[in-house]
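Q: Using the hints provided, position chain D relative to the given structure of chain R.
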Amino acid sequence: MNKEIEFILVRWCKEMVNKYNWLTIKYEFSSSYGVYLVSFSPISEITESEEFNVEVMRFEDEMNAQYGNNAPLFCDEERNFKLTDNAVIMGAEANAYVTVRLHAVQMTCTQTETKESFSKEGYVISNTFNNTIIIAA
Amino acid sequence: MDNMKEKYQKNMAAGEMLSSSDKQLYTSSIHCFYYAVLQCMKYRLAHLEENSISYTEQEERAERGNGSHEFVINEIANRMNAKPTEVRGFKEDIRILKQNRVLADYSERMFTQEESLECRAQAERLITNINRFTKVAV
Chain R
1 MNKEIEFILV RWCKEMVNKY NWLTIKYEFS SSYGVYLVSF SPISEITESE
51 EFNVEVMRFE DEMNAQYGNN APLFCDEERN FKLTDNAVIM GAEANAYVTV
101 RLHAVQMTCT QTETKESFSK EGYVISNTFN NTIIIAA
Chain D
138 MDNMKEKYQK NMAAGEMLSS SDKQLYTSSI HCFYYAVLQC MKYRLAHLEE
188 NSISYTEQEE RAERGNGSHE FVINEIANRM NAKPTEVRGF KEDIRILKQN
238 RVLADYSERM FTQEESLECR AQAERLITNI NRFTKVAV
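So the sequences go chain by chain: R and D. Residues 1 to 137 in the numbering used here are what the first sequence lists, from first letter to last. Residues 138 to 275 in the numbering used here are what the second sequence lists, from first letter to last.
I should point out that these hints are in silico values taken from the structure, not numbers from a laboratory. Just so you know, not all the hints are guaranteed correct.
Per the computed footprint, the stretches of chain R lying under chain D, defined by three or more beta-carbons under 8 Å from a beta-carbon of chain D, are [to be verified]:
no., region
1, 11–17
2, 29–43
3, 49–55
4, 60–67
DSBU-like, lysine-lysine: derived pairs with alpha carbons at most 30 Å apart [as the list claims (entries may be wrong)]:
no., chain 1, residue 1, chain 2, residue 2
5, D, K235, D, K220
6, D, K220, R, K14
7, D, K235, R, K14
8, D, K160, D, K220
9, D, K220, R, K19
10, D, K142, R, K82
11, D, K272, D, K220
12, R, K3, D, K235
Note that the Cβ used here is the ideal one computed from N, Cα and C, for glycine as well.
Okay, chain R solo, but in the shape it has when bound (with noise of 0.2 Å):
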């Protein structure tokens, strides 16, 4: 069931910062909660728009209806609950987002690989890991 849910999140997720270019949502499977956690952000843009509120409400609603007690649990920036750092991050803050994870890069290239790619590249967004995109410094 998992599955198919993600399978509808990550869709939506996909359609809505597309439509919103200011949007940002995280999201990760909880263990302790056993569900999918969803944050939206940035909170100064999604209280100036009725249209958002209304469209994540219906869809809220809708995995509620369909999935009961395993449907994902949603929230404004993290308000009600601490994503990890292996959160998925889509939208806005993923387009612009700049993370060092070096551990993930390791598991795809050498150190000396990267280092060569960042000095030639002058930046390298080489690979992708759990979605994120991954830069070497």
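A: Frame of chain R; chain D shown alone:
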């Protein structure tokens, strides 16, 4: 006093006793906090100034839908005099408390005092917002 109102107030009081107990009854407190909020919603629904739903009608309509708890959550949310962002926040908060109740009652997970106090604060916020955004007949 309406019995449902008395029930929700006593459930809150019971939850507070359990969460502050030195006998580590924190997990048991979550059940009380969630049901206090659910009973508060049922009470307000039954006594709204407009579009109220009697307790009998709540039971009958809940049986036809997707469960009594979601029915009460959606019906009270539909009647809130609040902005969409506030209504959405309310529904998100009650569903997290609901999930914690399910975990506290049915899973292996034990709750700490800190988590119990978080649920208590959340229940208090939810009840404040229910009372703030709905108007009951005097």
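Q: Would you mind marking each hint as holding or not holding in the structure?
A: Comparing the hints with the structure gives:
1. Beta-carbon proximity to chain D at under 8 Å applies to 0 residues in the region 11–17 of chain R; the threshold of 3 is not reached and the given coverage is violated.
2. By the rule of at least three residues with a Cβ nearer than 8 Å to a Cβ of chain D, the coverage given for the region 29–43 of chain R holds, with 4 such residues.
3. Closer than 8 Å: that is the beta-carbon criterion, and the region 49–55 of chain R has 3 residues meeting it against chain D, so the requirement of 3 holds.
4. Requiring three or more residues with a Cβ within less than 8 Å of a Cβ of chain D, the coverage given for the region 60–67 of chain R holds, as 4 such residues are present.
5. With a CA separation close to 23 Å, the supplied pair K235 (chain D) and K220 (chain D) stays within the 30 Å bound.
6. Restraint check: the Cα-Cα separation between K220 (chain D) and K14 (chain R) comes to about 25 Å, which is no more than 30 Å; the hinted pair holds.
7. Restraint check: the Cα-Cα separation between K235 (chain D) and K14 (chain R) comes to about 28 Å, which is no more than 30 Å; the hinted pair holds.
8. Restraint check for K160 (chain D) and K220 (chain D): the C-alpha separation of about 42 Å exceeds 30 Å, so the hint is violated.
9. A threshold of 30 Å between alpha carbons decides the hint, and for K220 (chain D) with K19 (chain R) the separation of about 21 Å falls inside it, so the pair holds.
10. In summary, the hint linking K142 (chain D) to K82 (chain R) is not supported, as the alpha carbons are separated by about 34 Å, beyond the 30 Å threshold.
11. Between the alpha carbons of K272 (chain D) and K220 (chain D) the distance comes to roughly 15 Å, so the proposed pair stays at or under 30 Å and holds.
12. About 23 Å separates the Cα atoms of K3 (chain R) and K235 (chain D), which keeps this hinted pair within 30 Å; it holds.
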